[in-house]
Amino acid sequence: MARQEFDNSLHRLETEIKIMVSQVELSIEKAMKSLIEQDLVLANEVIKNDDVIDKMQDDLEKLCVDLIRREHPLAGDLREIVACMYVIEELERIGDYAEGIAVLTNRMGVRPLPTDLVIIPQISIISISMLKTSTETFLLKNADEVKNRYKKLQKEDTKLDKLYKDVQEKLIELMKRKPNEIERATFLLWVAHNLERIADRSINIAERSMFLVGN
Amino acid sequence: MVNDFIDEISTQEAILKAKGLSVFYGSLQAVNNVTFNIPRNKIIALIGPSGCGKSTLIRCFNRMNDLIPSAKVEGEIKYNDISIYSENSNPTDIRFKIGMVFQKPNPFPKSIFENVAFGPKINGFAKDNIESIVESSLKKSALWDEVKDRLKDNGLTLSGGQQQRLCIARALAVNPDIILMDEPASALDPVSTSKLEDLIQEISSNITVVIVTHNMQQATRICDYAAVMMAGENRIGELIEYGTNDSVFGNPKDERTEAYVTGRIG
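Top to bottom, those sequences are chains A and B. Numbering of the first sequence is given in my numbering, commencing with residue 1 and proceeding in unit increments. Numbering of the second sequence is given in my numbering, commencing with residue 1001 and proceeding in unit increments.
One or more hints might be untrue.
Output of the computed footprint for chain A on chain B, the stretches with three or more beta carbons under 8 Å from beta carbons of chain A [unchecked claim]:
#1 1212-1223
#2 1250-1257
#3 1260-1266
In silico lysine to aspartate or glutamate, EDC-like type, Cα no more than 20 Å apart, as pairs [claimed, not checked]:
#4 K141/A x E1258/B
#5 K1253/B x D1224/B
#6 K141/A x D1224/B
I should point out that these hints are in silico values taken from the structure, not numbers from a laboratory. On a predicted model such as this, the values are computed, not experimentally measured, just so you know. All C-beta atoms, glycine included, are put in the ideal place defined by N, C-alpha and C.
Bound conformation, chain A alone (with noise of 0.2 Å):
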């Protein structure tokens, strides 16, 4: 088969990004148990891990650009190579939130949260859960399967939105009746907030499954 080394190339930008996106997934995983169990060690963990992201963003660009250069690639190569790059940045990104979440848990501090945790870890399963599955269906290249998980991640992002509703409304109820805590109960805004975005993106990324198939 011609065009051997650039196959080989192709086949590790996959394998670098499935290294990317497990490290994303762990951040996300490490900032949510830091916030819920208070753990500041672990959260800034989570925050000095970010530039190991950041750098990993940086290589697989630099291997998309060199490759665009050296192959000049066309059709589906092309497709894959934009779609990656998209999907990198995509993932800083949602790296980007976890470390954001790290970073909202050390403001908090270690006294008692102003109130239970319920419904923000929940969003945090969806979303995590999200990302998996528009990683998986980007790295699967069938064009069917992946319009059936993009339709499915469409309907789990409304669930989570319906949720990201039900915390806002929670928190301003809290905001109102202990008007000493508005700023904690305002950082677990913004974590809720940081989990719906990290939704969205995967969503982005299912997008680009669609690109990358041709749809």
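Chain B: place on chain A using the hints.
Same frame as chain A, but now just chain B:
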């Protein structure tokens, strides 16, 4: 599948129509049953692996295959609704309206001026007009500024890129409707290639260009439509896909086209 693309493109006015075109060299069939329309004043790239029949096909469009004794053409090619293979058609007349530029520049061993003036002279253009035709043809082929002070020099003294543009000026001088180009840039350096590509795009405002090229990036840069040919195990070339630049090079429908344009076969 090919018919779908023809439907898409056939909404435009066609200047050339090939229908059921097959070409044989003696008992060997080179091209099988090609049907497609070429829209007026567009650039059409003819692409495909070596030996798939691209050059054979393009040479049918102005009856250049007539020069090969064993060549036999079946099917029909219509140029503006004139069947070019009918008994009434004169190959010389057809070649004035459907010019050709080859892979290797082939200027006549005559002066630059005479190279361009040759066609108009034998075609009976008024003598008074010849000078202005030469000038305008050399201007259209973006060569005028480089040769205006040396029109009496032999055409063979020009560089390869200049010689190729001289051949295009020669083809333009007889006011063609179509220019066929068979790998016109394959022997040129990058700057000459770039000039040639600019020129092709410039002339396509009122001339249809059909170009055979092995350079996918070149085809992507300049063509409006691309026709993909491929030979199967029987080594007979067929048209497997015909569509817009965006479609063929961005999201081809046929797996063989995808494999060819991404460099995995060919």
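Hints, verified against the model:
1. Figure legend: the segment 1212-1223 of chain B, annotated as covered by chain A; annotation consistent (3 residues with Cβ-Cβ distances under 8 Å, at least 3 required).
2. Evaluation of the coverage hint for the segment 1250-1257 of chain B: fulfilled, as 4 residues show C-beta separations to chain A shorter than 8 Å, against a requirement of three.
3. A count of 6 residues in the segment 1260-1266 of chain B with a Cβ less than 8 Å from any Cβ of chain A is obtained; the coverage claim is therefore met, three being the minimum.
4. Between K141/A and E1258/B the CA atoms are separated by roughly 15 Å; this keeps the pair inside 20 Å, and the hint holds.
5. Between K1253/B and D1224/B the alpha-carbon distance is near 17 Å, which keeps this suggested pair within the 20 Å criterion.
6. Between the alpha carbons of K141/A and D1224/B the distance comes to roughly 29 Å, so the proposed pair goes past 20 Å and is violated.
In terms of the numbered hints stated before, the structure departs from hint 6 and from no other.
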